[in-house]
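Peer 1: Residue numbers (this note's numbering), protein chains in the order written: chain A, 366 to 708; chain B, 366 to 708; chain C, 366 to 708.
Simulated from the structure, these hints should not be mistaken for lab results. It is possible that some hints are incorrect.
In this list, chains with the same sequence are indistinguishable; a pair is considered to hold if it fits within one copy or across any two.
[What the hints assert, rightly or not] Distance condition first, Cα-Cα at most 35 Å in a straight line; then the derived DSBU-like pairs of lysine-lysine:
(1) Lys665 / Lys436
(2) Lys653 / Lys384
(3) Lys665 / Lys617
(4) Lys447 / Lys566
(5) Lys566 / Lys436
(6) Lys665 / Lys455
(7) Lys414 / Lys653
(8) Lys483 / Lys462
(9) Lys617 / Lys566
(10) Lys391 / Lys522
(11) Lys653 / Lys665
(12) Lys617 / Lys391
(13) Lys566 / Lys483
(14) Lys436 / Lys455
(15) Lys656 / Lys391
(16) Lys665 / Lys566
(17) Lys503 / Lys480
(18) Lys436 / Lys480
(19) Lys503 / Lys693
(20) Lys653 / Lys483
(21) Lys665 / Lys447
(22) Lys617 / Lys414
(23) Lys436 / Lys503
(24) Lys447 / Lys653
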Amino acid sequence: MILELEVADVLEIFPDARKEGIVEAKRIRGISSLNRAVEGDLSFLGNPKYRSQVSGSEASIILLPEDYEGKPRKGQLFLRMKEPSLGLTKLCHTIEKNMTSDFPSGVHPTAFVEKSAKIDSETSIGPFCYIGQNVEIKAGTIIESHCHVGQDSFLGKNCRLYPGVKILSSCELMDRVVLNSGIIIGSEGFGFEQVESAHRKIPHLGKVIVENDVEIGANTCIDRARFEETRIGEGTKIDNLVQIGHNVQIGKGCLIVAQVGIAGSVQIEDFVVIGGQAGFSGHITVGKGAKIAGQAGITKDVEPGAFLKGNPAMPVQLAHRISILQRKLPELFNRFAQNAGNK
Amino acid sequence: MILELEVADVLEIFPDARKEGIVEAKRIRGISSLNRAVEGDLSFLGNPKYRSQVSGSEASIILLPEDYEGKPRKGQLFLRMKEPSLGLTKLCHTIEKNMTSDFPSGVHPTAFVEKSAKIDSETSIGPFCYIGQNVEIKAGTIIESHCHVGQDSFLGKNCRLYPGVKILSSCELMDRVVLNSGIIIGSEGFGFEQVESAHRKIPHLGKVIVENDVEIGANTCIDRARFEETRIGEGTKIDNLVQIGHNVQIGKGCLIVAQVGIAGSVQIEDFVVIGGQAGFSGHITVGKGAKIAGQAGITKDVEPGAFLKGNPAMPVQLAHRISILQRKLPELFNRFAQNAGNK
Amino acid sequence: MILELEVADVLEIFPDARKEGIVEAKRIRGISSLNRAVEGDLSFLGNPKYRSQVSGSEASIILLPEDYEGKPRKGQLFLRMKEPSLGLTKLCHTIEKNMTSDFPSGVHPTAFVEKSAKIDSETSIGPFCYIGQNVEIKAGTIIESHCHVGQDSFLGKNCRLYPGVKILSSCELMDRVVLNSGIIIGSEGFGFEQVESAHRKIPHLGKVIVENDVEIGANTCIDRARFEETRIGEGTKIDNLVQIGHNVQIGKGCLIVAQVGIAGSVQIEDFVVIGGQAGFSGHITVGKGAKIAGQAGITKDVEPGAFLKGNPAMPVQLAHRISILQRKLPELFNRFAQNAGNK
């Protein structure tokens, strides 16, 4: 990343930081990890795992936790603060504002908006977007190229749709929802009934509601409900390539990592954290604050606060214990054979 | 879901239902699950798991199995029938017909159709669609926004392509095929040959054939064959984010749940059911009517009718037995250590 | 596959092949597998598994390894060569050149290119493409319909973007990169920080660099780095629906099969091979030439050359041993109970 930032601007962002050393450079040209930084870069110690890299780093400015003991090299400035990670985020938000190209308000000449759509004048509708009948879009929302917003859908304030998002009919985004490229909101649920040995589709007449401050990753799919709504709760963050089935209810503040699959009618309560590639059978409830390890297979209700792993899933400590013992199975079988022989 | 349906219309749909109770409302305003229904809603007992919720439900009309013993509350109507689920589907199809916006026949002014394409006058080609050279599309097919149909491809009657489907060159859909948003039909197969330590691509010159009544979920990918065809058999239903490799042959009436991965040249025979996130190695055959549990890893041929689970996969009953015994490993190791000590 | 190829043309491609038999047909109408070939087809023995099918094959020409002992039937020509698979690939490349429709140089009338973009005159920009500000695209690159190339991105020579690829801002493709349909390059990384019990997004200001000769499958997602770059090394091949997190560094010549998930900041060294649906925790290193079995869960650094399987992952031979012993657990528990009873 190449940027031009005055050292003075950086210092202004951290008025409470404890300074040590004198930076020689006048400008910061980039942000970089400790071991890759060169003169003119700003770096940071976020994860303690990388503590040993600080002393060798050539960064001109380093954000550090308050208890870091080392000294800056010549020409290097240490900024000690409570939480360097948050500090960095603060810095990045400042930079981001300067970097992001403006999305001018208005409808791109190549976009197509149905007459009955109500679009606030302070929205940006990008190239080749299609906005359907009776759609309503509130102020501050940015829709990039090749998006589709189906009829009767509603988008709140300050949402951001990256290129190629498809929101099908009758779905709702509340405020500040971020949808990465290729997301499908409102696809048909996977429900069929056996009629004379053929699978006959169950119509899905419901919708998807995505609450405030939800952010969703690229190419993730969320199916519409059968009658009511599939719902993603406030502040929940979902990664790329996740599958969320029809009628699923996800609570507030959950974190769902890439390639997770959640079957129909599952209830995920608030603040649940789900590792990548975990899978959930239909019609189960995952209690508040539960943690599910990556690749776990969850087929039954999960207690609030539980931490499960494996398939079939079990408490993480039992899973670790068993995986250690499994590695001893060859030895156990040998000794058992010996003992049996000794008798 | 908000709808306006006369009670009389509902009764007309179920002429053979056994009625008990008198509904007070004149109109049905929605369909809802038993525990969420309010006055004016229609509900149903499909899954016996929810039987206990019937007596507390405030729905105005409830579809029930014939053997349900309870009585309706005041102002509530019970409709008893052989299969309430099928009844509900019937009702939904009626509603769906009324709800779905018409897709007018013809080509949207923003779409681009190559001159050599033969498109029936009773098709609907949506905004920003691209239809390639020599494409043929039959009557009744609806193509929504941002779809691509590559040269020499063929689409049969009454197909439905949701927004953003990409059908690459020389592929074939037969009749009544439903493709959800973001599906890719005909991507390059993943085949490479080692030439002097580099991977050189094997050209994929074949195609994909999707037979009658197949329905496929959002963002699923189906690779084209090397020479001949990757084939999805009649009436098979595939969920979201599924990967189907080059040359795969899938039989009739299969159900394939989300995020399944099927490597190249696999043969799946008729009526196979595959749980979510299961994976298949290349060049194997899965026999007719087999069932594969979610997250299973299948690396060898599967006998017809088998029900496999786990990775490595094994008969489901053995898998259950082993997973129970695994949880007893800590105890077994303890007791073994004790016994050994006792000697 | 239907094609028209003179037998003489085929022979010209294999000047060094050892010929046996006399083909009667004048033209080759298709390429087909041994057991499906009919008269007029060319077939081949690539995988020794299919050796027994040669004698029954009705193909008119068969490419065979030098040590194949059988004799051609009447009217059939055997061409023996060192590596029939490579021979076939050579043939296919010839056919492909004849088959592929020309992509005419220039910008399709429905595409939209920002004025500041620098596009070589020998590129093909397809229908409904959007090319952003300051984008640079070099000679020989083909971009099919519905692609988005975000501002400040760079595409090298002879790249191929299939329909619906989204390359977001500031990303770089070097030369001869192939991106299948629906790929997202440069989506936001999944990184959040806890601020007063809410998840606050960490801005991702970096980019994605895709080196020479990389080929990527449909609907795969590659997140941009936080500051620097997510990098896919030269000649690496990635299959469909793969997730590659922010800051991941992938070396040269790797093979990554469908639905693999690689979390943020993972380093994959050169020539690593990863089976389908395997998953990687963040911040780990996978050594040069390592092999990872399908569905494996990798949570720790992997030694160069290791071959791991399972979750938790272990050397493949230990994994096989344990999975055999697991199947004997029921017997072991029985015998143990018996022994304990005998005392």
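Peer 1: For each hint given before, does the structure comply? Return the numbers of the non-compliant ones in rising order.
Peer 2: Checked against the structure, the hints that fail are numbers 2, 10, 12, 15, 18, 19, 20 and 23, while the rest are satisfied.
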